[in-house]
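Number of protein chains: 2
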Amino acid sequence: MTTFAIVGAGMMGSAMCWPLSDNHHKVRLVGTPLDEEIITSIRQERYHPGLERTIPDDVEAFSFTQLSEAIQGADVIIGGISSFGVEWFAQTVGPFMLPEVPVLSVTKGLESKPDGDLIILPDALDSKIPAPQKGTIRFNAIGGPCIAHELAARRQTCVVFTGKNLTTLEYLKQLLSTPYYHIWTSTDPIGVETCAALKNAYAMGVGLAAGMMDNAGPDGLANMYNPQAVLFGQSCYEMRKLLEVMGGGIDNVTWLPGAGDLFVTVFGGRTVRLGMMLGRGIPFSRAREILAGVTLESVEIITRVCRAMPKLAERGKIRKEDFPLLLHMYDILHNDNKVQIPWERFFYQ
Amino acid sequence: MTTFAIVGAGMMGSAMCWPLSDNHHKVRLVGTPLDEEIITSIRQERYHPGLERTIPDDVEAFSFTQLSEAIQGADVIIGGISSFGVEWFAQTVGPFMLPEVPVLSVTKGLESKPDGDLIILPDALDSKIPAPQKGTIRFNAIGGPCIAHELAARRQTCVVFTGKNLTTLEYLKQLLSTPYYHIWTSTDPIGVETCAALKNAYAMGVGLAAGMMDNAGPDGLANMYNPQAVLFGQSCYEMRKLLEVMGGGIDNVTWLPGAGDLFVTVFGGRTVRLGMMLGRGIPFSRAREILAGVTLESVEIITRVCRAMPKLAERGKIRKEDFPLLLHMYDILHNDNKVQIPWERFFYQ
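Going down the list, the protein sequences come from chains S and R. Take the first sequence: its position 286, counting from 1, is numbered 286 in the numbering used here, and each next residue is one higher. To convert a position in the second sequence, counted from 1, into the numbering used here, add 349.
There's no promise every hint is true.
Said to hold, decoys possible - Listed next, the in silico DSS-like pairs over lysine-lysine satisfying Cα-Cα at most 27 angstroms (straight line): (1) S:Lys128 <-> S:Lys164; (2) S:Lys320 <-> R:Lys522; (3) R:Lys590 <-> S:Lys173; (4) R:Lys590 <-> S:Lys164.
Unchecked claim - Derived contacts from chain S toward chain R, CB cut-off under 8 angstroms, selection only: (5) Phe96; (6) Ile147; (7) Arg155; (8) Trp184; (9) Asp188; (10) Cys236; (11) Val264.
No lab work stands behind these hints, which were simulated from the structure alone. All C-beta atoms in this analysis are idealised placements derived from N, C-alpha and C, irrespective of residue type, glycine included.
The shape of chain S in the complex, shown without the other chains:
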């Protein structure tokens, strides 16, 4: 029996309880300061209000005030935080990390350095943890299409564990695989994690089309798939271009991390909800009010990548012409631009 400490009791972190519990591991689910209600609900009624589901019996719930107790003796730490919690995670959990305890993260995002270079979260985490731990921790991450609700329902799910060390990845794979949770491994964390981060951005882009249809008024058709498919194709195209810049394998677009994860995110809830609102012509300032309290990873990733672009372009690392969709989304979010898809600038050759 192996002991897992999951830090972050949101949707995705908590959903990991199912494969772990089904494999008879000891699971300690630790809330962040934002998860107090969830932890209380689990302790009192064994019920996860976000997943709307009873948590497996053998999962122990911990408040963030019990962090050290929960992590003590854990064989694996699962990072279940959103990208907004990365600093907190590095500073609060970092001091408890040990070289022999691998970390496996569900967090998606990219950070940028002052020179514009983008870095994936496993590397960002390593740069943020305290000095004694820095460079000694094996950070790994999960990519691929996985809606938390469906994993908790034990729906067939296929994901990619990525990190630099194949032995660690195979160890984690063997611990977490179940008949419904299928795991592939990849030693290209830059490729997998770049896709994982970007799919949140581009799912919003694909959502724009559904919103635009509402706006266009009735024309005898109930749907608008041609434009949506173009946005999906352009998203894959821009992902490929950014992978080239980042040094990740472009083949990632054509399996689980890229097209697979983008597909699921297009159907997966809040990101697309935002895209649809914007497509309908609702300004972002208003949409943000309507979605108050919802974690908008998409806005964060679009903002970070687009703000790094001028520096990357200056240094000759990217051509801005390769990213008309991402840049248009930035203008919608930050310059109050109307949605006006630049079709003719897509697929720049």
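Chain S is fixed; fit chain R onto it per the hints.
What follows is chain R alone, placed relative to chain S:
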């Protein structure tokens, strides 16, 4: 003003009337022997029963008995037939083809040679036309996500014109581009056309998941996107592998011809309807009865490619392990196998 003869008055061929008419070209829409009802309806009421829409005023409708008259003096021939009409098209229209009149086809499919080698339809057409024309005709084709209904509604649509001669492609692009019909060109017809054919096969594969959900019974969730996304990812993966075999550019997967067209086809009607029935456990023999009269390009392409595979594998050109989804679909169609997705055999490395 340029004169276009569209041969084949089905959905896609007929939908081409809109951009052509909006660009003030002369359009002659010629039915095949299967299109007599459509042509009669257009002549009597200007109404296309498949598209459920009035045909633009300046389109002239012709019966197949008037083929020679309709093609006489045309500057461009558009092939609007399904893959089942390729022989008819080559033998009946072929004798009227001229080197100075380019052909542009909407047909999707692959054919196989006795040694297992797969060939794209523009090449198949060239091999089937009469001797005087053979080798002299510029065959071009259209790939990318385009539901005919939406094109006829002037929805934003982006497609790829492909052929061997860039000048011809640019000429066609200039004639057909409208503010809603956006055209890219590609001199990689093998890449574009392989994707165009395969998306019909794989859309059926993605449809299996939706059908399986119905079968699994209620578990508190209204959808099943994790498995569907895996099938989408595996479809992209197998497309890439087949492109490598065919010698087409694998970058086609990451824009309009691959991921884009697959996305639209997953929502586009009959192919997915078949996949869902099979996913629900309805045997193919019964599904075929229910869908009597519906053109099933998906069945045709799965059958052709899978029947070529043993020969290609024997010659060392493919690894069958790269195509578990396609081969499973073949077994469902031809060996009455139950749907049992081979998750663990996906993404073979």
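These are the hints, each one checked on the structure:
Under the criterion of a C-alpha separation no larger than 27 angstroms, the hint pairing Lys128 of chain S with Lys164 of chain S is consistent with the structure, at around 18 angstroms. A distance of roughly 25 angstroms separates the Cα atoms of Lys320 of chain S and Lys522 of chain R; the hinted pair therefore holds under the 27 angstroms criterion. About 25 angstroms separates the Cα atoms of Lys590 of chain R and Lys173 of chain S, which keeps this hinted pair within 27 angstroms; it holds. Restraint check: the Cα-Cα separation between Lys590 of chain R and Lys164 of chain S comes to about 26 angstroms, which is no more than 27 angstroms; the hinted pair holds.
Checking Phe96 of chain S against chain R by beta carbon gives a least distance of about 32 angstroms; that is not within 8 angstroms, so the hint is violated. Taken as an interface hint, Ile147 of chain S checks out: its beta carbon lies about 6 angstroms from the nearest beta carbon of chain R, inside 8 angstroms. Given hint, Arg155 of chain S at the interface with chain R, holds; its Cβ is 5 angstroms from that chain's nearest Cβ, closer than 8 angstroms. Look at Trp184 of chain S: its Cβ gets to within about 6 angstroms of chain R, closer than 8 angstroms, so that hint holds up.
This hint is violated: Asp188 of chain S has a C-beta 12 angstroms from the nearest C-beta of chain R, more than the 8 angstroms allowed. For the restraint placing Cys236 of chain S at the interface with chain R, the shortest Cβ-Cβ distance is roughly 4 angstroms, inside the 8 angstroms limit, so the hint holds. Checking Val264 of chain S against chain R: minimum C-beta separation of about 4 angstroms stays under 8 angstroms; hint holds.
Going through the hint list in order, the structure does not satisfy hints 5, 9.
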